Amino acid sequence: MSSKEQILSALRRHTRETYEMPDLTQLTPITYADPVAEFKQKTTTTAGARLIEMAPGDDLNALVRQAYPEVKVIASNLPGVEAQLNPDTVSEAQTLAQAEVGVVRGAIGVAENACIWVPQTMKERAICFASEQLVIVLSADCIVSNMHEAYACIAASADFFQTYKFGTFISGPSKTADIEGALVYGAQAARGVTVVLENNL
Amino acid sequence: MVERHDNTFFGVRQKRDRMAQALPEWEDLREAASQIKKHTITHLADYLEQFEQNATRNGVHVHWAIDAKEYNQIVFDILQAHGVKKVVKSKSMLTEECHLNKSLEKQGIEVVETDLGERILQMMHLAPSHIVMPALHVHREDIGETFRRLIPDFDDIAKGYSAIGGSPADPNDPTFLTYVARMHLRRQFMEAGAGMTGANFGIAETGDVVVCTNEGNADMSTSIPKLHIVSMGIEKLIPDYRAMGVFQRLLARNGTGQETTVYTSHFRGPRPGGEMHIVLVDNGRSSILSNQEHWQTLKCMRCGACMNTCPVYRRSAGYSYTYFIPGPIGINLGMLRNAMQYSDNVSACSLCCSCDNVCPVKVDLSTQVYRWRQQLDSLGKADPMKKVMSKGMSLLFNHPMLYSGVLRLSPVVNWLPGPVVACSLNPWAYGHQMMKFPDKSFHQLWKERLL
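Protein sequences appear in the order of chains A and B. Heads up: the first sequence begins at -9 in my numbering, then just goes up one per residue. Heads up: the second sequence begins at 18 in my numbering, then just goes up one per residue.
Simulated from the structure, these hints should not be mistaken for lab results. Don't take every hint at face value.
Claimed, not checked - Restricting the straight-line Cα-Cα distance to at most 35 Å, the calculated cross-link-like pairs of lysine-lysine (DSBU-like) are:
1. B:K398 - B:K453
2. B:K243 - B:K86
3. B:K403 - A:K113
4. B:K398 - A:K113
5. B:K403 - B:K464
6. B:K103 - A:K(-6)
7. B:K103 - B:K86
8. B:K403 - B:K379
9. A:K(-6) - B:K119
10. A:K(-6) - B:K464
11. B:K86 - A:K(-6)
12. B:K457 - A:K(-6)
13. B:K464 - B:K408
14. B:K86 - B:K102
15. A:K62 - B:K176
16. B:K123 - B:K86
17. A:K(-6) - B:K102
18. B:K102 - A:K113
19. B:K103 - A:K62
20. B:K119 - B:K103
21. B:K123 - A:K(-6)
22. B:K457 - B:K404
23. B:K453 - B:K464
24. A:K30 - B:K32
25. B:K243 - B:K123
For clarity, every value in this text was computed on a predicted model and none was experimentally measured.
For reference, chain B alone in the conformation it holds in the complex:
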């Protein structure tokens, strides 16, 4: 399981490398992207006003939400005003952050996720374990079992598949299961009263919302129902089409190792006879801007590359983190959300700095993790055992006489009975064989010229 997870995501990382190496201007693109984001974020109020003006001129209704509660209420009010009972929705980490689905369902509105991975998780009542490939940890057998149990017309769909593709040898064949999901979701698109999408980018100069998908589910969600609601974090804004060229070229190459997503859709206004709403959500983002050490997390465009490369993420998977966004960016965003609640994630980092080198907008992810660790003590979250050890080490290393004395005595430990050494005060002994202390230390060997 761990090995499969590790290999899958490192495979994505390698695809990303091939994409990067194929473009001579790759590093210039990253630098440009970083600078564009820095510029936009430090002029964000102006750009948001420009975006709102242009979107409004295009016939879009623009709403502002200061927090998750207000955001959920705005969405509910729009849906209620249109008498919507069912919503089809493409993937949005913002709605996850604000717990929108739960809020709508409580008020009697059915929410159907339409990204295949998200739909699988929704049916299985699981949380995403990655922000771009959310269900890669789920096995095909469990997906097949879930579909057979929860899709009412599964057998009819399977018959239809036989008619076009023949019966698969494996009842949980991914091609077959994708077909089942396609037919199941088609019905949802037909019946839904509204389509919801996130936003990969908002373009201030034109008022466009840009959504990138491979499945086309955002486009299905918005070309069939007449009501379209966009949920957009305020940091998603970029100035213009010139900037858009930079980000479009980076996003898929860096995130999934593709030259482009299949669809890069620009929504500039409502459909004929339809309505389009954009909800601009702050939910803590404006305060991140004031944080001198961490404001650059706002540059993140959620490509997921930092997870794919992270040796800790690859071997531990998404659920080992307590914040809903895992990996290096999730550690930092969690701390910015609530440092007291999510501080345990900062230890999920070996400070190898690989994430810094793959980030398409040059967020200094590992440096930020390091900074959070420096603050743990002031938050009262430092490990007391480590504090004692640090004090002990400081005493030891600042007193050479004491150090060499202890060093000379260390082989004594070899003669102590096992249970005394492997007691609970010695964390090394947990899951480890205690090592043997050598009779002569490195210092002694060096002095005696034995090396």
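Bound-form chain A, shown alone:
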């Protein structure tokens, strides 16, 4: 018998009483009267990120340049962003560690914890982690109250996990408290995060 068969048969043999899946529709999770306001507040406080509002007609490239005036190496595959590195065409992921700023697009924002769902829409997702600073562009129309709503959106959508089989929720910059419990931003991944919130008409 293979290990798989042994494990499965042991599990079936050892299962006594069985339990039903609970009805999760009975759960009433927290919602906010103004999820966008809550999202902005959580982003700039607990998550430790910066937030820039983008009005209809604003130029994303100009906003990024304004936010990081000294920066020489930007990585992005978003249309309209002038970038020195493109995560779709770099020969290897390692190159993206040279990026001072990476600019990517998020698809869903979550008000309760400032998470942004960033699906992989580029060949090398290292841009999301290896860049020194990360800019996430998010439409204010795509903000939900809580994680239940976010997961329901992901499960119902055909947009994710198609070309690239990865997606991540990101809430602010990489951080650690492993040395004597002192909170430090910039552990292994992006040292800082700027959320560009697109306000539509």
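Position chain B against the provided structure of chain A, taking the given hints into account.
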């Protein structure tokens, strides 16, 4: 030292309380999580098959390991087939349980831990003392000394730090040391031939593996090297995304008192041009299921909250336990692993039951510790002194005449010479001043209406 440890972890417990109180549905979430886990664990074979089918369809190679030995061999074989000499690894208690690092190193593969706490411990040759915050017991001075001694380009990195942040006044400043570790680990990510992660959750319906970190080290480990190996205990499975919402909301709030971890990453398949492997590990889990009194330990999602709240853990720290997972859950998991070897841990519990009240999936931790204690005698592990005392007490309390006689005579002890009373047969005398027996007992005072 004890006070700092106690305060640090009780601080985490208080942060957790604030998170719990901020959500009106908190108790409903815990109940839902407990029920989802009970359901999944009692249908685990079906869910594992569904998970394997979906992961395979997504292009992932799925392996099954019955024990630690087979697991270590599978990982080694994958690495060898790819000619990998160096592996970057994010934190996984399962690899700790199976002694993977030692096994790989013996066969000439370098393993680099990338969680900052784990990396510090690895460099200092220490074991984790907590499952979520593994190195909080180590002092910054010792970390600084270790980095200066073992990181070859320490001075260059320090110069780079001066360029961006100025020189720190304290050479062991946590921000500075974190920067040193960041630059040191960046090089490891670049050079490694494979990235290994654990799994916080596996989702049967989609085949996703979900990994939650604050540092982003699991993501660095898997977005740069092209080979990704996931090590997953079979109990980590949950049915679907609806369940995932419940667990994502509980894990960080309950474990570290944060609304979320910085990264909640869903791995559904290999990178372009890469390979992804999932090793499903049993190593005793399927037999736990048959244990009527203890099967619910399988619900545990390793958040660490039971340690943070435990008065014994907080005052004694991780190394005072003999199993590699400390605290209430570690006591129980150790007993399930090997009751003969780890039975001494069951006394590290005051039965205050605080752990039961903070567990996000409602594992009845203290009840289980109590049950293990009832079994100590049958394991031949009961303390002989306590057995004699129990017999003596049973004799005394079952015979009222004898009891009152002894009680009346007890003040005699006050007149005995010190060394006779404080002999090795009297455990009370060890580290204690012997108390004075009062002339009149409570019973007498009561009868004489002196109270």
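Results of checking the hints against the structure:
no., hint, in the structure
1, B:K398 - B:K453, "33 Å, holds"
2, B:K243 - B:K86, "25 Å, holds"
3, B:K403 - A:K113, "66 Å, violated"
4, B:K398 - A:K113, "58 Å, violated"
5, B:K403 - B:K464, "32 Å, holds"
6, B:K103 - A:K(-6), "29 Å, holds"
7, B:K103 - B:K86, "21 Å, holds"
8, B:K403 - B:K379, "32 Å, holds"
9, A:K(-6) - B:K119, "25 Å, holds"
10, A:K(-6) - B:K464, "72 Å, violated"
11, B:K86 - A:K(-6), "15 Å, holds"
12, B:K457 - A:K(-6), "70 Å, violated"
13, B:K464 - B:K408, "29 Å, holds"
14, B:K86 - B:K102, "20 Å, holds"
15, A:K62 - B:K176, "21 Å, holds"
16, B:K123 - B:K86, "14 Å, holds"
17, A:K(-6) - B:K102, "29 Å, holds"
18, B:K102 - A:K113, "25 Å, holds"
19, B:K103 - A:K62, "32 Å, holds"
20, B:K119 - B:K103, "14 Å, holds"
21, B:K123 - A:K(-6), "27 Å, holds"
22, B:K457 - B:K404, "29 Å, holds"
23, B:K453 - B:K464, "22 Å, holds"
24, A:K30 - B:K32, "22 Å, holds"
25, B:K243 - B:K123, "24 Å, holds"
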